[in-house]
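Note that our numbering has the sequence shown beginning at 147, numbered continuously upward.
The hints are simulated quantities; they were obtained by calculation from the structure and are not laboratory data. Here the structure is a predicted model, which is why all the values come from computation and not from measurement. Errors might be hidden in some of the hints.
Stated by the list, open to error - Mimicking EDC-like on lysine to aspartate or glutamate, the simulated pairs with C-alpha atoms at most 16 angstroms apart in a straight line are:
(1) LYS182 to GLU325
(2) LYS229 to GLU178
(3) LYS183 to ASP193
(4) LYS213 to ASP193
(5) LYS153 to GLU178
(6) LYS287 to GLU261
(7) LYS218 to ASP193
(8) LYS347 to ASP284
(9) LYS153 to GLU236
(10) LYS308 to ASP284
(11) LYS346 to ASP211
(12) LYS182 to ASP223
(13) LYS336 to GLU350
(14) LYS347 to ASP151
(15) LYS229 to ASP189
(16) LYS205 to GLU325
(17) LYS230 to ASP284
(18) LYS183 to ASP151
(19) LYS344 to ASP322
(20) LYS287 to GLU350
(21) LYS317 to GLU340
(22) LYS298 to ASP269
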Amino acid sequence: MLKYDQKYIVFDTETEGLNLCYSRPWQISWVEAQGKKIISEHDLYVDYDDLNLSPMIKKMTGFSDAKYNREKQPLADVWEALKKYLLNPEYIVVGQNLLGFDVYMVAIMQNMLGETPDYSYLDRIYDTRALGRAYREDIRKPSSDFLAWQYKLMHQRGARGKSVSQLQLLKLFGIDFNEKLLHNSLYDTKMCFEVFLKLKKALEL
């Protein structure tokens, strides 16, 4: 089981699209937590001269041109800040649909910087989408190969009427949230951590 004072990084990305090979992340947010408490928040924007967001994405994420232009940073700086947590083996990595999406966005960042993607953190991932499915369908956590078990849950067809979106998990656990703020990267990480704490207890992680 996870230690009572375990360190966590809960992260999320907002991107230009959903292409797992080419969509670039422009907002990368994470919270650092220990035990049940968030101890720091990070919300960074990546500087692209040719950032191209559709009106739908701007509306959904609450994108602000003024804020983006004021806070954007070089990709190298954003990655340097993130990897101090993500690649640090002291941290368990938490997120919603990390294995299905965000790990690819991290690889895209590294590729754009001319680096070979580092997947060493995958064994430390606790994906709330996979864990949510295990909870909703009463599937037991295995004694070994936790990563493979999560991947299997991510790719198998879920039971009808048992959605494991972050929105549905928030509702399922009775967590107070502002639906208008969902899809803002930083807000999503904080809500995801609340969901994770519920799943951790329910699944005896």
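Okay, the hints, checked on the actual structure:
1. LYS182 to GLU325: violated (23 angstroms)
2. LYS229 to GLU178: Status holds; Cα separation ~12 angstroms.
3. LYS183 to ASP193: violated (31 angstroms)
4. LYS213 to ASP193: holds (12 angstroms)
5. LYS153 to GLU178: holds (7 angstroms)
6. LYS287 to GLU261: violated (34 angstroms)
7. LYS218 to ASP193: Satisfied, since the Cα-Cα distance of roughly 5 angstroms is no more than 16 angstroms.
8. LYS347 to ASP284: Given that 16 angstroms is the threshold and the Cα spacing comes to 14 angstroms, the pair holds.
9. LYS153 to GLU236: holds (7 angstroms)
10. LYS308 to ASP284: holds (11 angstroms)
11. LYS346 to ASP211: Not OK: LYS346 and ASP211 at ~38 angstroms, beyond 16 angstroms, violated.
12. LYS182 to ASP223: Violated. LYS182 to ASP223 sits at ~29 angstroms, over the 16 angstroms cutoff.
13. LYS336 to GLU350: violated (21 angstroms)
14. LYS347 to ASP151: holds (14 angstroms)
15. LYS229 to ASP189: holds (14 angstroms)
16. LYS205 to GLU325: holds (13 angstroms)
17. LYS230 to ASP284: violated (35 angstroms)
18. LYS183 to ASP151: Distance of about 9 angstroms is within 16 angstroms: holds.
19. LYS344 to ASP322: Roughly 13 angstroms separates the two Cα atoms, so the pair holds.
20. LYS287 to GLU350: Cα-Cα ~9 angstroms, so holds.
21. LYS317 to GLU340: holds (12 angstroms)
22. LYS298 to ASP269: Within the cut-off at roughly 14 angstroms; holds.
When the structure is compared with the earlier hints, violations turn up for hints 1, 3, 6, 11, 12, 13, 17 and for no others.
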